[in-house]
Amino acid sequence: MRPDLCLRDAGRRYGLRGPWVLRGIDLTVAPGRLVRVEGANGSGKSTLLRLLAGIDAPSEGRITGRPRTAYVPERFPPALPFTAAGYLTHLGTVHGLTRKGAARAAGEWLERLGAAAYAETPMARLSKGSSQKVAVAQALLAEPELLVLDEAWTGLDTAARAELERAVAERTAAGGSVVFVDHDPRRLAGLPDATYAVRDAGVVLQEPARAPSASGPQVLVEAQGPPDGLLPEDVRRTVSSAEETGPGTYRLSVPAPHSDVLLRTLLAARPPWHVVSVAPQETGPGRQG
Amino acid sequence: MTALMRYHAALLLRSQRWLPPFLLYAAFLAIGIQAGQPVLDSLGYTAAALLPVAAWLARICVTGEPDAARGCVAAVAGPARAHVACLLVALAGAAALGTLATLVVTLLSDPVASDHRTRVPLAAAGGAGLLAALACALFGTAVGALTSRPLLRSPGRAVLALLLAALLSLVVTGSPAQAAVQGLVTGSQRGTVPLPLLPLGAAALVTAGALALAGALAARRSP
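Same order as they appear, the protein sequences are chains A and B. Taking this note's numbering, the leading residue of the first sequence gets 1, the next gets one more, and so forth. Taking this note's numbering, the leading residue of the second sequence gets 1001, the next gets one more, and so forth.
Please keep in mind that the hints were generated in silico from the structure rather than gathered at the bench. Idealized CB from N, CA, C, for every residue including glycine. Watch out, some of these pointers could steer you wrong.
Claimed, not checked - Examples of chain A residues lying across from chain B (beta carbon under 10 Å, computed):
id, residue
1, Gly11
2, Tyr71
3, Asp150
Assemble the whole structure, with the sequences as input and the hints as a guide.
Okay, here's the thing in structure tokens:
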């Protein structure tokens, strides 16, 4: 088991006598956790993420337990003299993949994000959204233990946004940690294990405002296990509600980004569960509480 | 580290920003060296001219990557390793350029001392010229590393500091680059081939220190 990533009394300022952007930060990111960081513009969110990603070292205090990390910046420059696939292959090998493995992972992720058509396009000719997809792909292709997303959804099309949410669910289900900033409050709503607000150069742990089931689109899954079957522990952790409708039959409600992870867990369980039906849950205007 | 260096080498080659320093070096040599001149004199000139070129190449490598892309690589590999890898690519480029230039200049020059009468062995002279060129490539890379990001971030000041430091390291007594070049020139006057191992070792030490310092500061002083 890898250790938690810990910031201990960490502070950061630019220049030797600059004002403190962050100070006295104590923060722990355990494996498998999804952490949201909030704050006003210029409050130091990006600085905090750069500390967590290991791009910047703290000016005081320390960071321990550095895992294999990947980072997605908010704006990714197309001014790189590579094709999209060429850049991703280089980054994959920097992540530690073999050249062949990196090229294959690059192809897969461009495909998943809907940018496979641009694999051989020089990055200088990519649109803003497509270069953001390349930025997302470079972070995901080596299955990092810590994924740091600085407004990574900005500029992506709807399909790619949903794909990134699913990728985040996959990472946390696989024991990776994810830290993200997004200006949209509904992004992965209800899913973060912790939300921190950056304010006055410090971070404040936010109270969980609402029950997980109350926010974000949900998917209904009907599944049948052995007659006296109890839900596997992994499934219990993923779903937002579970209702036993018959012996061994459950109606599960799961946050939409986690639906694939849930199905995979059910089908891979021992003994495997049978998936009876999958349907998006109707979210009427009355279902907000 | 290999993957990092391959990435930075590809970035340098494909950006074509290596072309201006290479052309400048070719122009330096075309102006200063003619076929049939004493070999050690010409090799001294070849090595000396390599120093500012190596410094410029280091600056190109360090500044060539956009900030956001640098962040992505730094998160994966660590900022210090990423920074050192890109300086090593610059050093390898300068060393390759210096080796090629030394080879060509050795073949074009006459194996004689400054008086055009005393013979000097051509192969030994070429070897001494190569060591001096490597010392200048190393020291130039150190100059480039210490006068660009993360130590000096304002481009105006950085370029001025680079030019000044490159000039000083060629003329100030005690600098390994100056010692290496001076060794070739005095060797040519005396008709003996020097072995500039000491300047090379000193330049390697200085460069290792400069790279370590720049790497250590990469995470502390960005962006």
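Hint check results:
1. Taking 10 Å as the C-beta contact cut-off toward chain B, the hint placing A/Gly11 at the interface is violated, the least distance being around 12 Å.
2. At about 4 Å, the closest approach between the beta carbon of A/Tyr71 and any beta carbon in chain B falls short of 10 Å, and the interface hint on this residue holds.
3. With its C-beta approaching chain B no nearer than about 9 Å, A/Asp150 sits inside the 10 Å limit, and its interface hint holds.
Hint check: a violation occurs at hint 1 only; the rest are consistent with the structure.
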